[in-house]
Amino acid sequence: MVLTPAQRLLRAIAAWAVVLLFAFPIYYWITVSLKLGRDIFAIPPKIFNFEASAKSYEEVFGISLGFEQGIAVLPGGGDFYMAPRLMDSIVIAVCSTALAVVIATLAAYALSRMRFRGQHHFVFWILSTRMMPPVAVAIPMFFIYKDFGLLDTYSGVVLVHALMNMPLAVLLLKSFFDDIPKEIDEAALIDGASRFLVFRKLVLPMAMGGIAATAVLCFIFSWTEFLFALTLTQTGLKTVPVVSSTFVTSTGTAWGNMAALGTAAMLPAFVFILLVQKNLVRGLTLGSVKQ
Amino acid sequence: MASVEYERVGKSFGAVKVMEDISFTISDQKFVVLLGPSGCGKTTLLRMTAGLETISDGEIRIGGKLMNKVHPRDRDIAMVFQNYALYPTLKVFDNIAFSLQVRRQSKEEIKKQVDWAADLLNLTPYLDRYPKELSGGQRQRVAMGRALVRHPQVFLFDEPLSNLDAKLRGQMRYEIRRLHDRLQTTTIYVTHDQIEAMTMADEIVVMRDGEIEQIGTPEEIYDRPANCFVADFIGSPSINFLQGDIQNVAGTPAFHTGSMVLPLPTETVVRTGQKVTCGLRPVDVAVGREGPVKAEVILVESTGAESHLLLAIDGQEIRAVAQGRFRAKPGDTCALSIDPATLHLFDASSEQRIN
Numbered sequence: 000m001v002l003t004p005a006q007r008l009l010r011a012i013a014a015w016a017v018v019l020l021f022a023f024p025i026y027y028w029i030t031v032s033l034k035l036g037r038d039i040f041a042i043p044p045k046i047f048n049f050e051a052s053a054k055s056y057e058e059v060f061g062i063s064l065g066f067e068q069g070i071a072v073l074p075g076g077g078d079f080y081m082a083p084r085l086m087d088s089i090v091i092a093v094c095s096t097a098l099a100v101v102i103a104t105l106a107a108y109a110l111s112r113m114r115f116r117g118q119h120h121f122v123f124w125i126l127s128t129r130m131m132p133p134v135a136v137a138i139p140m141f142f143i144y145k146d147f148g149l150l151d152t153y154s155g156v157v158l159v160h161a162l163m164n165m166p167l168a169v170l171l172l173k174s175f176f177d178d179i180p181k182e183i184d185e186a187a188l189i190d191g192a193s194r195f196l197v198f199r200k201l202v203l204p205m206a207m208g209g210i211a212a213t214a215v216l217c218f219i220f221s222w223t224e225f226l227f228a229l230t231l232t233q234t235g236l237k238t239v240p241v242v243s244s245t246f247v248t249s250t251g252t253a254w255g256n257m258a259a260l261g262t263a264a265m266l267p268a269f270v271f272i273l274l275v276q277k278n279l280v281r282g283l284t285l286g287s288v289k290q
Numbered sequence: 000m001a002s003v004e005y006e007r008v009g010k011s012f013g014a015v016k017v018m019e020d021i022s023f024t025i026s027d028q029k030f031v032v033l034l035g036p037s038g039c040g041k042t043t044l045l046r047m048t049a050g051l052e053t054i055s056d057g058e059i060r061i062g063g064k065l066m067n068k069v070h071p072r073d074r075d076i077a078m079v080f081q082n083y084a085l086y087p088t089l090k091v092f093d094n095i096a097f098s099l100q101v102r103r104q105s106k107e108e109i110k111k112q113v114d115w116a117a118d119l120l121n122l123t124p125y126l127d128r129y130p131k132e133l134s135g136g137q138r139q140r141v142a143m144g145r146a147l148v149r150h151p152q153v154f155l156f157d158e159p160l161s162n163l164d165a166k167l168r169g170q171m172r173y174e175i176r177r178l179h180d181r182l183q184t185t186t187i188y189v190t191h192d193q194i195e196a197m198t199m200a201d202e203i204v205v206m207r208d209g210e211i212e213q214i215g216t217p218e219e220i221y222d223r224p225a226n227c228f229v230a231d232f233i234g235s236p237s238i239n240f241l242q243g244d245i246q247n248v249a250g251t252p253a254f255h256t257g258s259m260v261l262p263l264p265t266e267t268v269v270r271t272g273q274k275v276t277c278g279l280r281p282v283d284v285a286v287g288r289e290g291p292v293k294a295e296v297i298l299v300e301s302t303g304a305e306s307h308l309l310l311a312i313d314g315q316e317i318r319a320v321a322q323g324r325f326r327a328k329p330g331d332t333c334a335l336s337i338d339p340a341t342l343h344l345f346d347a348s349s350e351q352r353i354n
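The listed protein sequences correspond, in order, to chains V and G. Be aware that the first sequence starts at 0, since it is given in numbering that gives the first Met the number 0, and climbs by one per residue. Be aware that the second sequence starts at 0, since it is given in numbering that gives the first Met the number 0, and climbs by one per residue.
The hints are simulated quantities; they were obtained by calculation from the structure and are not laboratory data. It is possible that some hints are incorrect.
Unchecked claim - With beta-carbon atoms standing in for the labels, derived distance ranges:
no.	chain 1	residue 1	chain 2	residue 2	range
1	G	131	V	6	32 to 42 Å
2	G	121	V	269	46 to 56 Å
3	G	131	V	135	46 to 56 Å
4	V	177	G	285	52 to 62 Å
5	G	13	V	28	49 to 59 Å
6	G	302	V	5	50 to 60 Å
7	V	193	G	105	16 to 26 Å
8	V	154	G	121	52 to 62 Å
Stated by the list, open to error - Straight-line alpha carbon distances no greater than 27 Å define the calculated DSSO-like cross-link-like pairs of lysine-lysine that follow:
no.	chain 1	residue 1	chain 2	residue 2
9	V	200	G	90
10	V	200	G	29
11	G	111	V	200
12	V	181	G	131
13	G	131	G	166
14	V	200	G	166
15	G	29	G	64
16	G	90	G	106
17	V	181	V	200
18	V	181	G	328
19	V	181	G	90
Said to hold, decoys possible - A few chain V residues that don't get close to chain G, going by computed Cβ distances all over 10 Å:
no.	residue
20	123
21	141
22	180
23	183
Even glycine gets a Cβ: it sits at the ideal position worked out from N, Cα and C.
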């Protein structure tokens with residue numbers, strides 16, 4: 000289809016309008032993190048013409064950016080210093096993603112390629128574990144974790160996030176493996192390869208796109224998960240979504256700090272997606288079989 | 000190299016029986032084609048031979064050894080798939096070398112074998128490429144190279160040419176057959192293309208609905224089809240079937256349909272009055288201007304070297320092939336002469352051959 004210049008212009012305007020519509024809240028949130036208290040609620044809103052300050056970042060990360068340093072205290076008496084909490088979030092998201100993806104990849108390959116009695120029921124059972132609302136299991140989980148000594152530990156939160164991600168990851172990856180022609184496995188089996196070698200050397204490299212996409216989903220889930228991160232932790236560790244809520248206190252809300260933490264929290268997720276995005280490109284199976 | 004024996008082989012998928020009582024033997028060094036329409040069980044039989052499907056009943060032996068429970072890798076077979084199933088993340092060299100690498104052969108030996116196969120298949124300039132950088136015909140050859148380097152006892156081909164265009168298919172057909180003549184490895188080749196079967200096979204196994212209809216050399220299958228199905232499946236354009244009965248004309252049996260009476264050779268064993276289906280290959284119908292049987296021309300198609308005619312006799316349509324250009328318009332009348340020796344007679348109800 001050949002577009003006239005006017006149509007091309009119209010299309011570009013529409014595209015930019017959509018991009019701006021989605022990007023504006025993020026931009027505004029970033030400006031809040033850079034504004035001083037009086038500018039945050041200024042009417043009309045100061046979108047561009049505000050006085051930029053790194054004060055909120057200094058307080059949240061306990062660093063001096065050329066201003067006078069002083070670890071402030073929240074209106075409610077809590078702590079502003081959140082750098083370790085960001086680290087907690089990174090450790091938990093990375094570990095739970097790795098755990099979920101490794102196990103789900105193996106499970107999905109088996110479900111895609113091997114036949115066993117009751118397979119369909121098994122797949123449904125995997126999916127059904129996601130049907131129960133998390134809030135229904137949060138309290139029992141708390142007691143189980145308490146008895147097993149998993150409360151307030153990295154492994155505890157990693158485990159629960161990995162478990163929450165597993166069903167979706169298995170089903171998603173299974174569909175990616177289903178897309179890879181099973182004749183490739185069969186050819187390799189006849190060639191003398193073991194199942195594991197077929198998986199590791201041939202199928203896994205072809206499934207990298209699907210694995211990357213799944214990893215992104217798992218990471219974002221863990222990065223933003225609130226309920227379990229709140230109920231299964233106490234003082235030892237806290238994730239970013241949980242501590243964000245501590246900026247809301249009985250005597251006021253520290254908007255600037257909350258925005259600073261939120262802005263900083265965007266970065267690891269952004270970096271992670273950048274790292275895996277080259278694998279997101281489909282077409283790795285190109286040339287294997289005649290479609 | 001080895002023979003392959005099938006003894007009362009059957010296959011069920013759950014409660015559905017798709018194949019029963021298949022018994023035949025493929026002799027050592029033979030090129031055997033399993034031929035039949037889609038869903039006839041030919042690919043299933045091949046996959047059972049390869050070990051990719053379990054054998055529900057009966058036994059399959061390769062080189063005299065029972066294969067029912069043997070893993071595909073230990074059957075000493077190599078298979079070429081319809082969609083090639085190349086390893087997309089490996090270069091052509093590694094695709095061909097894969098089986099040797101898995102078996103931990105020395106680097107020199109692997110290189111020697113791959114070079115040999117690449118040379119045989121004209122793949123040497125492409126060894127450093129990925130499958131996606133090759134054309135369809137080249138990919139097909141890589142798939143064959145992968146099978147060749149193993150020096151297996153039996154080659155299994157599952158419709159390897161069906162994804163190629165007509166010209167390339169003709170060329171690859173010739174190359175595969177030439178390769179077999181050179182290597183003399185027992186080959187089982189599955190196809191639904193009767194031209195491939197006729198041109199390549201030492202022996203054809205015609206299958207339908209999980210059963211064997213006929214086994215024979217291409218000439219036997221073409222000249223003496225065992226039943227209407229085989230007669231219809233083999234030959235292009237396909238055979239004409241005329242419904243009629245046997246009459247006694249001056250002491251000799253004759254096939255009678257409409258106003259046409261075709262005397263049969265005296266040794267033909269038929270009953271007078273028997274309802275029969277008469278098979279008549281288009282190439283056995285001689286078309287001219289003068290002759291005993293008159294027909295009306297419906298359509299003339301020229302393929303260049305020959306002309307395919309669609310004719311009508313007493314309301315029945317008949318296809319005929321005339322050599323060279325046959326000048327006629329729809330509605331013209333022409334004459335046919337038919338050699339009774341070329342008629343194939345089948346019982347009208349059982350559809351089995353009777354002459």
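Now the hints, each set against the structure:
no., hint, result
1, 131(G) x 6(V): 32 to 42 Å, "35 Å, holds"
2, 121(G) x 269(V): 46 to 56 Å, "50 Å, holds"
3, 131(G) x 135(V): 46 to 56 Å, "49 Å, holds"
4, 177(V) x 285(G): 52 to 62 Å, "57 Å, holds"
5, 13(G) x 28(V): 49 to 59 Å, "57 Å, holds"
6, 302(G) x 5(V): 50 to 60 Å, "53 Å, holds"
7, 193(V) x 105(G): 16 to 26 Å, "21 Å, holds"
8, 154(V) x 121(G): 52 to 62 Å, "58 Å, holds"
9, 200(V) x 90(G), "13 Å, holds"
10, 200(V) x 29(G), "35 Å, violated"
11, 111(G) x 200(V), "23 Å, holds"
12, 181(V) x 131(G), "18 Å, holds"
13, 131(G) x 166(G), "21 Å, holds"
14, 200(V) x 166(G), "35 Å, violated"
15, 29(G) x 64(G), "18 Å, holds"
16, 90(G) x 106(G), "16 Å, holds"
17, 181(V) x 200(V), "14 Å, holds"
18, 181(V) x 328(G), "53 Å, violated"
19, 181(V) x 90(G), "19 Å, holds"
20, 123, "19 Å, holds"
21, 141, "46 Å, holds"
22, 180, "6 Å, violated"
23, 183, "5 Å, violated"
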